[in-house]
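Engineer: Chain by chain, the residues:
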Amino acid sequence: MDSLTLVLLATGAPLICFLICILALRPHPGAARVVALGGMGLSLFGSVTLLLQGPVEPLRFLWFSSGEIQLQFGFLLDGLSLLFAVAVALITFCVMLYSIGYMAGDPGTTRYFAMLSFFAWAMLSFVYAVDLLQVFIFWELVGLASFFLIGFWYEKPEANAAAKKAFLMTRVGDVGLLIGLLLILPLSNSFDLPHLLDPQAGLVRLALPATLTLITLLIFVGIVGKSAQFPLHTWLPDAMEGPTPVSALLHSATMVAAGVFLMARLHPLFMASEQTRTVVLCVATFTAILASTMAMVERDIKKVLAYSSISQLGFMLIGLGAGSLFAGVFHLVTHAVFKALLFLCSGVYIHHLATNDMEEIGRRGGRQLRLTTAALVIGSAALAGVPPLAGFFSKEEIFAQLGHGGLGPFAIGAFAAAFLTAYYTGRMVFLVVAPAQIEETSHDHHGDPQPWVMLAPIVLLALGALTLGFFGSSIAATLGVQLVHHSLVSMLPAIGVVALGGALAWFDFGRKSAPRRGFITRLAALETLFIRQWYVDDFYRTIVVRINTALAKTMHFIETRGLDAGFDRLGFNTLGLGALATRLQSGWVQIYTGGAVVLLGLVVAYFGLR
Amino acid sequence: MLEQFVVYLFAALVVTGGLMAALTRQILYAIIGMGLSLLGLSGIFLYLGSPFVAAMQLLIYIGGITVAIVFAMMLSLSMSLRPPQSQPQKFALAIVGAGIFFAAMATVVHGTQFPLLQEQAPEAAWAVSQLGHLLLNAYNLVFETLSLVLLLAIIGAILIARKEKAVQ
Amino acid sequence: MTLHGFILLGLALFSLGLVAVLSRRNLIAVLIGVELMMNAASLNFMAFNRYVVKDPAIGQVFVLIIIGLAAAEVAIFLSIILRLYRLRRDIDVEHLTGLKG
Chain V
406 MDSLTLVLLA TGAPLICFLI CILALRPHPG AARVVALGGM GLSLFGSVTL LLQGPVEPLR
466 FLWFSSGEIQ LQFGFLLDGL SLLFAVAVAL ITFCVMLYSI GYMAGDPGTT RYFAMLSFFA
526 WAMLSFVYAV DLLQVFIFWE LVGLASFFLI GFWYEKPEAN AAAKKAFLMT RVGDVGLLIG
586 LLLILPLSNS FDLPHLLDPQ AGLVRLALPA TLTLITLLIF VGIVGKSAQF PLHTWLPDAM
646 EGPTPVSALL HSATMVAAGV FLMARLHPLF MASEQTRTVV LCVATFTAIL ASTMAMVERD
706 IKKVLAYSSI SQLGFMLIGL GAGSLFAGVF HLVTHAVFKA LLFLCSGVYI HHLATNDMEE
766 IGRRGGRQLR LTTAALVIGS AALAGVPPLA GFFSKEEIFA QLGHGGLGPF AIGAFAAAFL
826 TAYYTGRMVF LVVAPAQIEE TSHDHHGDPQ PWVMLAPIVL LALGALTLGF FGSSIAATLG
886 VQLVHHSLVS MLPAIGVVAL GGALAWFDFG RKSAPRRGFI TRLAALETLF IRQWYVDDFY
946 RTIVVRINTA LAKTMHFIET RGLDAGFDRL GFNTLGLGAL ATRLQSGWVQ IYTGGAVVLL
1006 GLVVAYFGLR
Chain X
423 MLEQFVVYLF AALVVTGGLM AALTRQILYA IIGMGLSLLG LSGIFLYLGS PFVAAMQLLI
483 YIGGITVAIV FAMMLSLSMS LRPPQSQPQK FALAIVGAGI FFAAMATVVH GTQFPLLQEQ
543 APEAAWAVSQ LGHLLLNAYN LVFETLSLVL LLAIIGAILI ARKEKAVQ
Chain D
21 MTLHGFILLG LALFSLGLVA VLSRRNLIAV LIGVELMMNA ASLNFMAFNR YVVKDPAIGQ
81 VFVLIIIGLA AAEVAIFLSI ILRLYRLRRD IDVEHLTGLK G
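Protein sequences, first through last, are from chains V, X and D.
According to my numbering, the stretch in the first sequence is residues 406 to 1015, in order.
According to my numbering, the stretch in the second sequence is residues 423 to 590, in order.
According to my numbering, the stretch in the third sequence is residues 21 to 121, in order.
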């Protein structure tokens, strides 16, 4: 099949399923599941076939032109988009399969699968987009899907608040993105990506260095919002109010990765600006450390994974900012796999044991869900960067790139973040696997009574986490990048850091007589800082909300006491004037006469004296 | 010389009568004041060269109108017996209004140069016969209309003032 | 006296009549004021007749007509007063406010 048909299949099948579900299948949740899954299957088939066929020329269709400006939509089928699209489609398929089990019995099932299909359409269209305007449109649509899915259980006020917060915070970033995009338009009269990225005739030639820095910085603002970097990161932990499969899909693997993908797509532009690269490295490194510290004191398993996502996104941006497209994208792909795996495992615990708290999970016998626990361990090892799992190889690439250009402080920061990653990951595993005591409950947890629809995706993703590290060269080839082999010696610092973190976690939580309190509790002030999420949310609440409220109050005052009251007063005073004028009609003829004669006299005097 | 004195005397009579008419509280005094003023006026008319008009003034105004007013006063005695007091504001306002009018007009008049006659008209032009001639020839229409107006006034007065019929 | 003097005398008489019209409460006093104003007008005519006009008969005719009209007006005025008195036993100007509003 030709590329156009395949790409239309890949993006269009989920759209059609969304429409069918929303329009016709409200009373038939069972049919909705099948339709959505089927559509996703077709989409997966399409994207895999495209990947196997390899990169081709972009497909463009003119949307409209205005003067010299040409806006188009279409599909850019190069290595980057083919690769990431397969990752998105695969994980979406797994999550949909898993959701059949997880969301069984929920009254809003049709709406759920419809919104997942909608998300799949928007995300895949975003990945395959050839024109920056198209990118922006689908970027926003993905945010909209996220809003719907976070607030899926809309009776819960926390879910609604979280959905609003997510949407508004990413919107703040989107303003920067939009302005950045608009600055491009006068320079090149089109948003066509291959044209903009062309090294000879693209934006690097068309724009002044200062302008290019400005544009990339503004686009980076959008990325900060979407990929939850400091300071626009506080929406992601709150987004855990949504169902766990949604967290697995959107808020770890795909949607938040859209920001990283955009930077990967515009990598030549970012590389051309020294200042932007520095800013990116600073923000990403700081975020990586920040999020890791917050993860290490968190008790809710989903929130730990959310902070972990923020931290790992920071890692990806470090890789891209340091100059290696391959490092960032490789980590993007591996992270998608193992983070989705971890979320799905946590979903099994939540579904089965009805609690999010890690200590509670441990206490109620989480370790007795053997398959899930095994998958949890595999995923955690991958996250921590234990060789030879996937995460190790991708993190190694990032460290290698940091070693190149004399990016000393950033390398130290990255190592610190890796140490903390290993520590909190180990903490998570040990709290679940080696609790202080397991309470005896009535029903038997031995064996896994979990439905196969929930376990199959977990198994599949665990296999991916185990093996994906070895596909590095194929991935690099798809991207068109030459892979550099690293010696074992250069890998030692990374291994050492991971080992250190893991050992400390074992010391604090894993061994038989462990105190089960983190070492951080000895530094109470720091611990409070981490628990309170570095007071960022409190800052926003006090400053932003207060300023907004004050502004709103001022506007209200102007409206009711100023404008409204002004008009009211106008009306009342006219009435008053009328009442006053009524007194002239007193009925006293003498007054009438007097007035007439005096006036007459004055008029005559006026004319007489002229 | 004597002439001047007489004129000023009559002018003073006019003003005094006017003041009495405007300012006294008792209505009868006001009527008497009016009569005095009209008397003075007739004297001035005489000085201004028309004995006929002076005579008519005396006859009609003082003899007819003033008496009629006294009649009406008698017939509406209640108010005359207990004459009410005007509020000072009203009075002040009236004085102010009239004062403004007077001042305005006086300023205009003061600044105007009237084209005064150089020589007096002949004696014959002042005769009463000339007056009668004009009334019945050149201003005949006015004369007849005036008599019509008087007729209508009488009829109207009768209509307004007659007693109501019992059943209507 | 000069023409200006007579005119001023007429003006003074008119103003006095105006004061009476504007400030008195008795309807008859108002009538008196009106009469004074009309007489001031005739004085004005007579003065001009003597000092400015070529044919002196015209001014006198005018004054005669004024006198006649004044008589007619007084007749009506008085009959109204009588009617009013019969209806209300009261001819206070300040109570005649039917035109109010």
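What the hints contain is simulated information worked out from the structure, not anything from laboratory work.
Don't take each hint at face value.
DEER-style ranges, computed between Cβ atoms [claimed, not checked]:
no.	chain 1	residue 1	chain 2	residue 2	range
1	D	Gly25	X	Leu497	32 to 42 Å
2	D	Gly25	V	Phe977	47 to 57 Å
3	X	Gly533	V	Leu968	50 to 60 Å
Part of the chain D face toward chain X, derived, beta carbon under 10 Å [to be verified]:
no.	residue
4	Gly37
5	Leu51
6	Ile101
7	Lys120
C-beta atoms are modelled at their ideal positions from N, C-alpha and C, and glycine is treated no differently.
Engineer: Compare the structure with each hint and give your call.
Structural biologist: These are the hints, each one checked on the structure:
{"no.": "1", "hint": "D/Gly25 / X/Leu497: 32 to 42 Å", "verdict": "40 Å, holds"}
{"no.": "2", "hint": "D/Gly25 / V/Phe977: 47 to 57 Å", "verdict": "56 Å, holds"}
{"no.": "3", "hint": "X/Gly533 / V/Leu968: 50 to 60 Å", "verdict": "54 Å, holds"}
{"no.": "4", "hint": "Gly37", "verdict": "7 Å, holds"}
{"no.": "5", "hint": "Leu51", "verdict": "7 Å, holds"}
{"no.": "6", "hint": "Ile101", "verdict": "5 Å, holds"}
{"no.": "7", "hint": "Lys120", "verdict": "16 Å, violated"}
Consistency note: the structure conflicts with earlier hint 7 alone.
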